[in-house]
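J.: Residue numbers (this note's numbering), protein chains in the order written: chain A, 1 to 315; chain B, 316 to 784; chain C, 785 to 1326; chain D, 1327 to 1611.
Simulated from the structure, these hints should not be mistaken for lab results. Think of the CB as a built atom: it goes at the ideal place given N, C-alpha and C, for glycine as much as any other residue. Careful: at least some of the hints might be erroneous.
So, partial list: chain D residues that the calculated Cβ filter (under 7 Å) puts toward chain A [said to hold, decoys possible]:
1) L1356
2) M1443
3) D1447
4) L1448
5) V1449
6) A1454
7) V1459
8) V1464
9) L1563
10) G1581
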Amino acid sequence: MLNYVSKRILIGILTLLAASIVVFIVLEIVPGDPARLMLGMNATEDAVQALQQQMGLDQPLLIRYFSWIGGLLVGDFGKSYTYSVPVLNLITERIAVSLPLALISLFLSTIIAIPVGLFSASRRGTMTDSGTMAIAQVGVAIPNFWFALLLVYVFAVSLRLVPAGGFPGWNAGVWAGLKSLILPSIALGLPQAAILARVTRSALLDVLGEDYIRTARAKGLTRRKVLYRHALRNALIPVLTILGLQFAFLLAGTIIIENVFYLPGLGRLVFQAITQRDLIVVEGVVMLLVATVILVNLLVDLSYALVDPRLRGRS
Amino acid sequence: KTDLVLGVVLEPPHLDPTAGAATAIGEIVYANVFEGLTRINAKGEVLPALAESWTISEDGKLYTFKLHKDVKFHDGTAFDAQDVKFSLDRARDEKSTNPQKPLFASIDTVEIVDPLTVKVTLKQPNGDFLYNMGWAAAVIVAPESADTNKEKPVGTGPFKVDNWAKGSQIVISKNPAYWGTPVALDKATFRIIPDPAAATAALLAGDVQAFPVFPSYEAVPQFQADPRFKVVIGTTEGETVLGMNNKKPPFDNLKVRQAIAHAIDRKTLIDGALFGLGTPIGSFFPPHHPAYIDLTGESAYDPALSKKLLAEAGHPDGFKTTLKLPPPVYARRGGEIIAAELREIGIEAEIIPVEWAQWLEQVFKGKDYDMTIVSHTEPNDLNIFARDNYYFNYDSPAFREVIKQIEATSDTTTRTGLYQQAQKILAADVPAAFLFQLPKTGIWDAKVEGLWENGPIPANDLTAVKWAE
Amino acid sequence: MNLLEISKLTLRIGAFEALKGIDLSVRTGEIRALVGESGSGKSMTALSIMKLLPGGARTEGQIRFDGKDLLAASEAEMCRLRGNEIGMVFQEPMTALNPVKTIGEQVAEGIRLHTGATRAVAEEQTRAILDRVGLPAEKFPLSRYPHELSGGQRQRVVIAIACALKPRLLIADEPTTALDVVLQKQILELLQSLVDEERMGLLLISHDLAVVADMAHSITVLRHGEVMDNGETTEILTEQTHPYTRQLAQASMHVPERTPHHLTQTTPDGPLLAIRNLSRTYPGSRKGLFGRDPDFRAVDDVTFDIKPGQSTALVGRSGCGKSTLARMVLALDRPTQGQIHFAGRRIDKLTQNDLRPVRRNMQVVFQDPYSSFNPRHQAERLISEPLYLLDRELSDTERRDRVHRALERVGIPRADKHKYPHEFSGGQRQRLAIARAIITEPKLIVADEPVSALDVSIRAQILDLFADLNDRLGIAYLFITHDLAVARAITDTVMVMSEGKIVERGETEEILRQPRSEAGRALVKASPDLHKALARRIGEQG
Amino acid sequence: MSAPTEWQANISKAFSNRSFVIGLTITALLALMAALSFVWTPYAVGSFDILGKLKPPSSAHWLGTDHFGRDILSMIMVGSRNSIAVALVSVIIGAGIGVPLGLWAAARGGLIDEALMRFNDLVFAFPALLSAVMITAVFGPGAVNAIIAIGIFNIPVFARVARGAALSLWPREYILAARASGKSSLLITIEHILPNMMNILVVQGTIQFSLGILAEAGLSYVGLGSQPPMPSWGRMLFEAQTMIGMAPHMALYPGLAIVITVLGLNLLGDGLRDVLDPKMRRERS
Ligand SMILES: Nc1ncnc2c1ncn2[C@@H]1O[C@H](COP(=O)(O)OP(=O)(O)OP(=O)(O)O)[C@@H](O)[C@H]1O
Ligand SMILES: Nc1ncnc2c1ncn2[C@@H]1O[C@H](COP(=O)(O)OP(=O)(O)OP(=O)(O)O)[C@@H](O)[C@H]1O
Ligand SMILES: [Mg+2]
Ligand SMILES: [Mg+2]
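Same shape as in the complex, but just chain A:
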């Protein structure tokens, strides 16, 4: 087990390293000079050069790469070109929005999807089942940004129940903060819930076809008891897999949703940083996201072992 984890962590680190090289190279060939962008159309050439020097952009590529990587190792993400504050500060400020957003949507989609999946599976073949699954099928097809648009139109513009967007900051109070995350979380979470509900249902149905379900029924368990006691836990593996994938997806989904609701999250930071050619911020955020995805995958794999004892002793 330990061995497995350490191997996975090693692979994760190698993946991160590869990712860092890819990101660095890709961003290196992005056209556009951050210094010129900052100084604008009236700037003189020597002012631009002076600024490049200040930012360290005149150094050769390799040196910049290694000093950046070296910094990362000690937790120093470098200093933003445009904001000229440590990238880490920017990231931590933004994570305070993005992470709750992703987690709330994940929570939302889970608490909706799993009961719906169970409900549908337990009524397999009935009208309720097909009705629920038809709704889920439509849910899967809805692009989250469009859904977001409709939500804003209905709940913020027409009914004025919630703010249309923006984030007052957590110092304005937890409730105020949460309130501004409600619509975005729904926009992100509901389409995901549809996917998850379908996966839950089909995983349950797969499991319900297994021999041990028949054994359990032969013991005298009712259908419902079999569903909860035997099927659910076995169906969790595919559900967990999708949950893991979804988390990565939600993180990416925040990029669009944060723009629709003008939330100051990581997604908008990275978007803005790319247009401003604040490459060091882009690199930092990308590394963070990649690391998160790797970590989440690892956690999901470890949680498999929690669910399924067969995977506990594996190499």
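Given the structure of chain A, go ahead and fit chains B, C and D with the ligands onto it with the hints provided.
T.: Chains B, C and D with the ligands only, in chain A's frame:
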């Protein structure tokens, strides 16, 4: 009520106007946090600021500024001639990263006469000097705080920066130790809302009470119809042009450029891209300026003429070209309309959207483009057509000569004549097709008073803003 | 009154009539065998009793359990009966247990459900029943998960679940088919003793007469959803009045006619296949941070010869390394140590290309007639695949001739060559597999359990075919099986394998009569044998 | 490919499958609409009518007009071409590169397999939209770059599916028999492995196709997809966003077009899976 939430579209990268060109910086700090020797008011006039008065020598080369006394920076340090010299020298320095370095190019020396008097000697007379000293890039900073102003701006203005939640909002509050007339607001919050739809929603929902430069033209009628809001369509210094690469065939041919200019229907363009809110221009000059002359007739919409000109230029069937568009909505939407109109006369313009960084790199610096649409928002920038190596690749000795004369003249009537002469040259040479003056669409709560109606420079001067009873 | 009384049970699934008016009864304390070929409806009968039929199944007729009509019973009543009054054991021990629950939980679940016992009490009972089925808690703690048990042990857990509450009727649907003969014997004995002890009725389902002949008091023979024959075991087996029963019995005891001349034949060239000190190790699975299981020797220092035309059986319990050995012989796997010589040439180090002439002379038949063929190819293309090994490209007529000859030899009409695999029956498919193996006219065929997936009657036909080909074409066999009856039927010599080693070898008859090794004795003792069972029955009756 | 009888059986099974029939109908209508748009649309999509802008649906403009007075129905029709082309080509790219990679890894195992899995990890580790943003930052926005961005993400998906399917096929006895017939891995892969996983690939292809439509819409929505004058559903939504208060129809119809298209493809995929995927078939019986 003594607090106000304002919406701004762009977040400033930092808050030091002497180190970055972003208009977003000026929109927060100009006149609120930082002040210069002079300042520019809502009408575009030059007024005294930290310099309480000045004298100009006969030859127009020596300016003697008398400074206000008892002025303190936000950190409590005193303001004096030392700071003025430091600021001006720093901006002119070889290592300077001031975005508007040309503003200081005419300065020869800066001398301290006494703590409240500064003498500035110019290399040659400059009619715009006092105006230039009123720009955001020319504000006075203290040597102690100059390097940290990006994050913790320390100025002499009536507001101090309280808090900056990156990506979300910037809060400024009243500076009780201000040397001048105290301001009415205790607190102002600039909320950053880049998305037009969100901006509309935020105003409607009352989350923000003022949007001095509202990003969505199409939503304007909706607010005009709503008595809760005041909608003010003002002017800006933004002459919007369809820039053409004057050295690159076929744009090196005057007839081709004329054909393009005549193919554009400014009314359709303004209706389609700006929902009717811009003013058409026929040359590179703001319509609100006293020296403005209407030259739109020179390039009136006439597709038949365009086709004829094209044929004369040797392109009877038109040609294929590209149109690089930076992100603003006037460019992207305008570009779509212009491309469609050019298609009518046979010119197939492929639309290439670019980001600002790319635009600066490829179009502005690299001159690697055929056509582009951009708004030149700097005030008093007629001279860009006289610059060497500017991205239009326009080269007219006659025009240069006129500009040189303007710069050396302080007399208003002479200048007016020269300005008009310059406008005519441009309208005839068509180095770019002149489209419209960008409007400033301000929308705010009907009870808010004192916000600028026009945008002579990018600023949200809050010194006179208050809530009506 | 009978404990279970089924009368005129008809079962329809969609338009298909799976059961057509079945009559069947089980008395208290009786062991009733339900025998029949695959698809005859045995499992459907069992599931009808439990009312656990697949969706869309409709039943008619009567199933009386202890006088109560089960078909009319509500689902709640059935839940009370299942596991309490009627227990069921399923065929596949590997999948019949929930992999994520401990065996303790799974056994205790039924106890708690029906008796409402506290956790502690239920645990006590669980211990007792697991102990009874031969899984004492000292050696097999309740906290074990199913994957930590072997197949035989899992089947014991399934039996423990079914018998935990001492049901009055136990249904065992092919409880041993997935196990090897030695385990099969143990499990059957366990069932027998449980039934004797508690005086349960047992409905024992099997496709093999020989398996049940020993145990059952009475037998019902099923075919195509109809009862063919029904009666006391002795009567059924000795008199064999019903033709179908006779057919089944004869097929079980079938021995192909062979001329054993090959055995004595010696060729000057020496052996066809010579294996010397062959071993294959699999790396041990990793354990924890530092350790790793020791390497596992699946085949351990094996040496033997096969002469041209000789038919050799390789027998042994499941997992002893038979298939591994076969794969190495076929050069589908490389040995860790040792040498393989074929027709005088060392082949274990040859490249794929150099192997071509060898492969031409050595073909293979696998166990599963269903997965041995690419479902997308026609019979002609399937069986001509090895022709690829010939040095020259065959003309179309030559190819067709060869295909026809091979089909003819295995007894499949030429016209069928355009059919797809799913259009053949299991037995026909195995004939096709043999046709594919002989199309290059090889000298050796390696057959890995070629008949164990087939019903007895079909098995007999395929064995005849193997024997015939051996006779007519002089092909040598390495015949892998765990079924001694099969070995006896068609091989000259036999090798007994145990834990990777060959522990005994010799002439088939002799070894099967008098095995000397322990492994050999266990195998022989456990093998179901209709002859012996019959003899015993007749002896008992006097 | 498949045995003819199997085909016939599948086809009749398919047409009694509700998901398949509905999905196929929607998809066929979409394809028809795209094809029709080449020869006819109610209005030309390049012509502006600024005076007639933002008109709600009427008999002249069934779905109303946009901010330039263009006919939204015509834009949606022409836009479908764009969506289909981007999604289809990126599926082809993904399958064309991913499937051979997956097959190769499954046939060789060992280091190559490991390398492929790590490559998959790497691509999967990047949030998709982020990479698309980076790719378009380098090459500029446009349909071709959207295709590349989406296509790159399809590669590991197909590689993984192909590898998984191939790994489950390799131990089959008919593969062993083919090996015993001396056939090379390449030949076995072509003759036996690939044809037998076609079903799974077709199903996966449908799924990726519908994901591609969604992805293209997302990219266009943030301005990274195909550029004007080519209409695109995502960009139509982007433009509608600021006008949702006065012209909700501008946001409604392109969004519905996306939802219906994706829904149709998903239903088709579900239906195909029911019909073709043996695992599901077993589950049903
Ligand atoms: N779910 C189902 N739907 C339709 N037909 C089925 C179903 N399950 C079984 N059958 C059919 O019912 C018949 C009887 O099947 P059953 O499982 O009882 O056979 P069996 O005698 O147990 O065979 P085996 O020895 O192979 O287990 C077979 O023809 C089978 O194809
Ligand atoms: N690839 C492998 N890796 C590790 N161990 C293996 C591998 N293949 C087989 N083994 C182990 O080697 C032993 C022998 O396996 P083999 O398949 O040869 O048995 P067998 O005698 O054919 O059994 P059966 O009668 O069940 O087919 C078994 O314990 C098996 O678990
Ligand atoms: Mg059965
Ligand atoms: Mg084996």
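J.: Against this structure, judge whether each hint is valid.
T.: Evaluation of the provided hints:
| no. | hint | in the structure |
| --- | --- | --- |
| 1 | L1356 | violated (13 Å) |
| 2 | M1443 | violated (9 Å) |
| 3 | D1447 | holds (5 Å) |
| 4 | L1448 | holds (5 Å) |
| 5 | V1449 | violated (10 Å) |
| 6 | A1454 | holds (6 Å) |
| 7 | V1459 | holds (6 Å) |
| 8 | V1464 | holds (5 Å) |
| 9 | L1563 | holds (6 Å) |
| 10 | G1581 | holds (4 Å) |
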